[in-house]
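From just these sequences and the hints, can you work out the full model?
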Amino acid sequence: MDDKDLRFTKSHEWVRSEGDEVVVGLSDYAQGELGDIVFIELPEVGRTAAKDEGLTTLESVKSVSEILAPLSGEIVDVNEVLEDDPGTVNTDPYGDGWILRMKLADVGELDDLMTAAEYEEHIKG
Amino acid sequence: MATEVGTIQRTALFEQHEAAGAKMVEFAGFALPMYYRGIVEEHKLVRSSAGLFDVSHMGEFLVSGPGALSTLERLLTNRVDTLREGGVRLSFMCYETGGIVDDLLVYRLDDGFMLVVNGANREKDFEWIREHLDDGTDLRDASDETALIAIQGPTSEEALAAIADGDLSDMGFYRHGRLAVAGLPVLVSRTGYTGEDGFEIYCGPDEAPVIWVALLDAGERLGVRPVGLGARDTLRLEMGYCLYGNDMDEKRTPVEVGLMWITKLDKDEFIGRDAIAKARDDGPAERIVGFEIVGRGVPRPHHRIFAGGSDVGEVTSGTFSPSLGRGIGLGYVASGVSGELSIEIRGRMVAARTTTLPFYRDGSVKRRK
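Quick mapping for you: the protein sequence lines, in order, are chains G and V. Using my numbering, read the first sequence as starting at 1 and increasing by one per residue. Using my numbering, read the second sequence as starting at 1001 and increasing by one per residue.
A hint or two may mislead.
[What the hints assert, rightly or not] Under the rule of at most 30 angstroms between Cα atoms (straight-line distance), these lysine-lysine pairs were calculated in the DSS-like manner:
no.: 1; chain 1: G; residue 1: Lys-10; chain 2: G; residue 2: Lys-103
no.: 2; chain 1: V; residue 1: Lys-1278; chain 2: V; residue 2: Lys-1264
no.: 3; chain 1: G; residue 1: Lys-10; chain 2: G; residue 2: Lys-51
no.: 4; chain 1: G; residue 1: Lys-124; chain 2: V; residue 2: Lys-1278
no.: 5; chain 1: V; residue 1: Lys-1023; chain 2: G; residue 2: Lys-10
no.: 6; chain 1: V; residue 1: Lys-1124; chain 2: V; residue 2: Lys-1044
Think of the hints as simulated: they come from the structure by calculation, not from any bench.
As structure tokens, this is what we get:
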């Protein structure tokens, strides 16, 4: 699992920092818990969101899960591939299964997120 | 069958599930596999080859003695007197109100009857039956000494035949017989809950792992693999089969559930008959319907159903149909409602329309009927 440069939230989003932007997705653990994802409602590009605000829902055969904004900012891109192929979140959660890209309001918020090692502990606990 | 561990029981196949890396969940008091590899893959496997299910959470009661037939005739909505040895029949058991205690299978054995009830209803059903026994009737709960393995899918017969004695092709749909599987004496019926051809194997807890492994080995070239409860639910819902606790309960009569073919109002007195006859004559306020989502979204239990801008009912079962590639569901709506609907999915109105059941029409079980 190539995730040591990623940061994680308690609600199982991952974040990859790229300057003042981040790429956001769902952790491998969370996609496994959710099972086969069959629909995703992608948020609108240009929308601003505060940390922990609901951005989008992922619908699996068995249940539904919400993606929360891991950090405050503006959505600048969404992964439209997921509209037709939402299962990519299952098959490649840290790569082609990315969900959206945000421009951060405060890069300092990144420090509040968990490291990969801390997240490992979190899901074990 | 079960070994108690805290409040969650284990079936005889628990170690097989763990070894296969199943995602386990609690269901009807048992630890059972939700899925092994993924619900969609397992669902498609059952539609195309065959899947093996551990359904040992189901309850098995034995009813025997000279009063057994009259007891069951009075307790069950379907006819039992015309059920011959070797036959299996689906029935409701109702309260005087017409509300449903449970839906169950009746097996006519050489020395009495076996009832197969929903695992979650086992204690309630046993008490209800015990309170209504005619003189000379023995009732025994055999659930703890009975494991149940289902093999479902078009290659089921070939896979099971490879390790069974006797000719399975002679066994008709909803028939059962005693035969040896993997050299062990078991009761096998040609029944299931998936819309596919298949069998259910009733055996002892010690025999279950032997049969499970033998079926996986013999069935490997036929695509047989273990399948969890997640796919069991999507498979049954594609067939429009009602699930007790979701689509029916003690407040619903067979008239509303739309399963009057297993409710014989013309047979002798049975518990609930008068109330069900009245519900039929009056016409129920609500009826169950099947619907499919036209746009994007997955209906779930308790979502509200709208027609023409009015709230007309509630979803009782809903899922994404792997075979059809869209959301499907069952729900109760005001009598007479059909056609265009909207389902309220997390505050969003999603277009849907009523459909005839089953949703999925290509199941291999049809070839057996």
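Do the hints match the structure? See the list:
With a C-alpha separation of about 21 angstroms, the suggested pair G/Lys-10 and G/Lys-103 falls inside the 30 angstroms cut-off, and the hint holds. A distance of roughly 14 angstroms separates the Cα atoms of V/Lys-1278 and V/Lys-1264; the hinted pair therefore holds under the 30 angstroms criterion. Restraint check: the Cα-Cα separation between G/Lys-10 and G/Lys-51 comes to about 12 angstroms, which is no more than 30 angstroms; the hinted pair holds. Between G/Lys-124 and V/Lys-1278, the direct Cα distance comes to roughly 57 angstroms. Violation of the 30 angstroms bound is thereby established for this hinted pair.
Proposed proximity of V/Lys-1023 and G/Lys-10 is supported: the alpha carbons are some 21 angstroms apart, at most 30 angstroms. Pair hint V/Lys-1124 plus V/Lys-1044 does not hold up; C-alpha atoms about 35 angstroms apart against a cutoff of 30 angstroms.
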